[in-house]
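> One letter stands for each residue in the lines below.
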Amino acid sequence: GESVGLHLPTLSVQEGDNSIINCAYSNSASDYFIWYKQESGKGPQFIIDIRSNMDKRQGQRVTVLLNKTVKHLSLQIAATQPGDSAVYFCAEKRPGTYKYIFGTGTRLKVLA
Amino acid sequence: ETGVTQTPRHLVMGMTNKKSLKCEQHLGHNAMYWYKQSAKKPLELMFVYNFKEQTENNSVPSRFSPECPNSSHLFLHLHTLQPEDSALYLCASSQDWRAASTDTQYFGPGTRLTVL
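Residue numbers (our numbering), protein chains in the order written: chain A, 3 to 114; chain B, 454 to 569.
Looking at chain A on its own, in the form it has when it is part of the complex:
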């Protein structure tokens, strides 16, 4: 079946280090991807998106990389801060549909 999965359920990083969160998707027809951040007790917050015609997109301290060959998505967070502690999950969407397929999430823990 189709799925979007995350390789690591929990990631612990030292404050100030860079974080990399990975995501695998199974449908090569997906053309739009989003990373969301969800803090405890809050709804998912849009972080960054990328279209399938790109392989890299940068935001403020975050970078998303898309490797269509192996159907892999990653989120890189530079200089990780305590406020980055949250669950991160990716979502994929195919053209012509409103349906996103969401991953279960990776919990990022930032160690002081």
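One or more hints might be untrue.
As the list claims (entries may be wrong) - Computed cross-link-like contacts, SDA-like style, restricted to lysine to any residue with a CA-CA straight-line distance of at most 20 Å:
| no. | chain 1 | residue 1 | chain 2 | residue 2 |
| --- | --- | --- | --- | --- |
| 1 | A | K70 | B | K471 |
| 2 | A | K44 | B | S491 |
| 3 | B | K494 | B | N511 |
| 4 | A | K101 | B | D556 |
| 5 | A | K101 | B | T557 |
| 6 | A | K44 | B | N483 |
| 7 | A | K44 | B | R462 |
| 8 | B | K471 | B | P536 |
| 9 | B | K494 | A | T106 |
| 10 | A | K44 | B | K471 |
| 11 | B | K494 | A | G43 |
| 12 | B | K493 | A | T106 |
| 13 | B | K493 | A | G43 |
| 14 | A | K44 | B | G467 |
| 15 | B | K494 | A | V89 |
| 16 | A | K101 | B | N483 |
| 17 | B | K494 | A | T12 |
These are computed hints drawn from the structure, not numbers from a lab.
Position chain B against the provided structure of chain A, taking the given hints into account.
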């Protein structure tokens, strides 16, 4: 701030109660969504409205009843729920999923529902 608000933020109800969840979006979007988020599970799409018309009912039990009076407001009416319905219910909105493949969904903070 995502521009999507939900009330109440927390709700405890008995199985015989009737309650409603409310969602309002201030983003000028035309599509609104209800999702259920249970522990350790991906988000489950429940209902979709586009320009006030329901375009999805994802095999949701009839004890959940959505209402979309206009593009800015969405309700989820609850009655005779079961304990397994306890979850975080999230509302989201997007511009118009028919218009662009890059139709981003923005979420509200959710309503934490507990059914006793």
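> Of the numbered hints stated previously, which ones are contradicted by the structure, given in increasing order?
The structure conflicts with hints 1, 6, 10 and 14, although it agrees with all the remaining ones.
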